[in-house]
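Whenever a hint applies, use it, and build me the whole structure from the sequences.
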Amino acid sequence: MELRHLRYAVALAESGNFTRAAERLHISQPTLSVQIRALERLVGAELFERLPNGVRVTTAGEVFLTHARVALAAADDAVGAVRAAMPATAPVRVGCFRAPWSSWAIADALHPDDRQQAVETITVGTTEGMALLLDGKLDVLVGQDFTSVPLQLPEGVDRHEVATEHVWLALGGRHRLARRPRLTIADLVDENWLVLTSQPDLHELTVAVCRNYGRFEPRQVPVHAGDELPTALVELRGVCLCTPMVRRVGGLTTRDIGLPEQRRIFVARVRAKTSREQALRIGGSVARLHADHTARSPAGRARRGPTTIERPAPLAAAARDHDGTEPMR
Numbered sequence: 000m001e002l003r004h005l006r007y008a009v010a011l012a013e014s015g016n017f018t019r020a021a022e023r024l025h026i027s028q029p030t031l032s033v034q035i036r037a038l039e040r041l042v043g044a045e046l047f048e049r050l051p052n053g054v055r056v057t058t059a060g061e062v063f064l065t066h067a068r069v070a071l072a073a074a075d076d077a078v079g080a081v082r083a084a085m086p087a088t089a090p091v092r093v094g095c096f097r098a099p100w101s102s103w104a105i106a107d108a109l110h111p112d113d114r115q116q117a118v119e120t121i122t123v124g125t126t127e128g129m130a131l132l133l134d135g136k137l138d139v140l141v142g143q144d145f146t147s148v149p150l151q152l153p154e155g156v157d158r159h160e161v162a163t164e165h166v167w168l169a170l171g172g173r174h175r176l177a178r179r180p181r182l183t184i185a186d187l188v189d190e191n192w193l194v195l196t197s198q199p200d201l202h203e204l205t206v207a208v209c210r211n212y213g214r215f216e217p218r219q220v221p222v223h224a225g226d227e228l229p230t231a232l233v234e235l236r237g238v239c240l241c242t243p244m245v246r247r248v249g250g251l252t253t254r255d256i257g258l259p260e261q262r263r264i265f266v267a268r269v270r271a272k273t274s275r276e277q278a279l280r281i282g283g284s285v286a287r288l289h290a291d292h293t294a295r296s297p298a299g300r301a302r303r304g305p306t307t308i309e310r311p312a313p314l315a316a317a318a319r320d321h322d323g324t325e326p327m328r
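Numbering follows numbering that gives the first Met the number 0, with no gaps: position 136 of the sequence shown is 135.
These are computed hints drawn from the structure, not numbers from a lab.
All the given hints hold, so there is nothing to weed out.
Okay, the calculated beta carbon distance ranges per label pair:
no. : residue 1 : residue 2 : range
1   : Ala-89    : Thr-126   : 21 to 27 Å
2   : Val-188   : Ala-89    : 52 to 58 Å
3   : Arg-218   : Ala-74    : 47 to 53 Å
4   : Arg-218   : Asp-134   : 36 to 42 Å
5   : Asn-211   : Gly-15    : 23 to 29 Å
6   : Ala-130   : Thr-196   : 18 to 24 Å
Glycine included, C-beta positions come from ideal geometry on N, C-alpha and C.
Structure below.
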């Protein structure tokens, strides 16, 4: 039995049929079928029940998959640990979404004990950055997603959450609602919701927030460049989702409208290529940057301002692991 057999079984169980699993594994469907049959002969039990429209994991399959996932994770961690222990010959390549801090500040904010290796950073959206991560062009991705629009992680990628913050509302200072002492999502049914055409995740988030918390369909107005957004909010008397730390420029104001929606900032790595320890070093740097920026922000002192995990030094004990847009800054 080889590790690839375990990967084939896990992919088939998660995909639900041979066609999708074969596409995910980049092999032909007949090849996958033959390999699964060979695996079942090796273990002496049928792992999948073949159905007209897919497969169902059998009781024996559930037992096998539990151990297969543990074995695959251990194998990936072993490779990452060995690579982390080898003498550093190349810088750690880090991609970061357009955050309130500059991406190059990640290296400067590293804990002193974690500065043995050089760090190269680029600014990149989370979706594009995930593709670069899978292609081996990044070692660590600093990304973001939202509770209503979670990022689906490709196979073999882990994420470690380092900070969260509530989603707020941005609107022009002369907007008819700007002076109201309290706003809720229910007050925004008839408003123009501005979304950047370059950031499709903002469209998804806006729709999800309005549907989930307001029970209405937002009237969306496309804005074609990020620099136009402050002007458009003022001139069109529109509104836009934002984070509490967004810069208040061009006559903008930001408001907490009581949404439970959160932005989640995380570091991601390909298990077989980058060690957990290396990802957590970068995560610790990002958590410190976020905490410092929050402390300096007026919104950070608000009653329901953004929240982060306690500052790690390093982060290993504080990060939360997950198996498994760039809409705001």
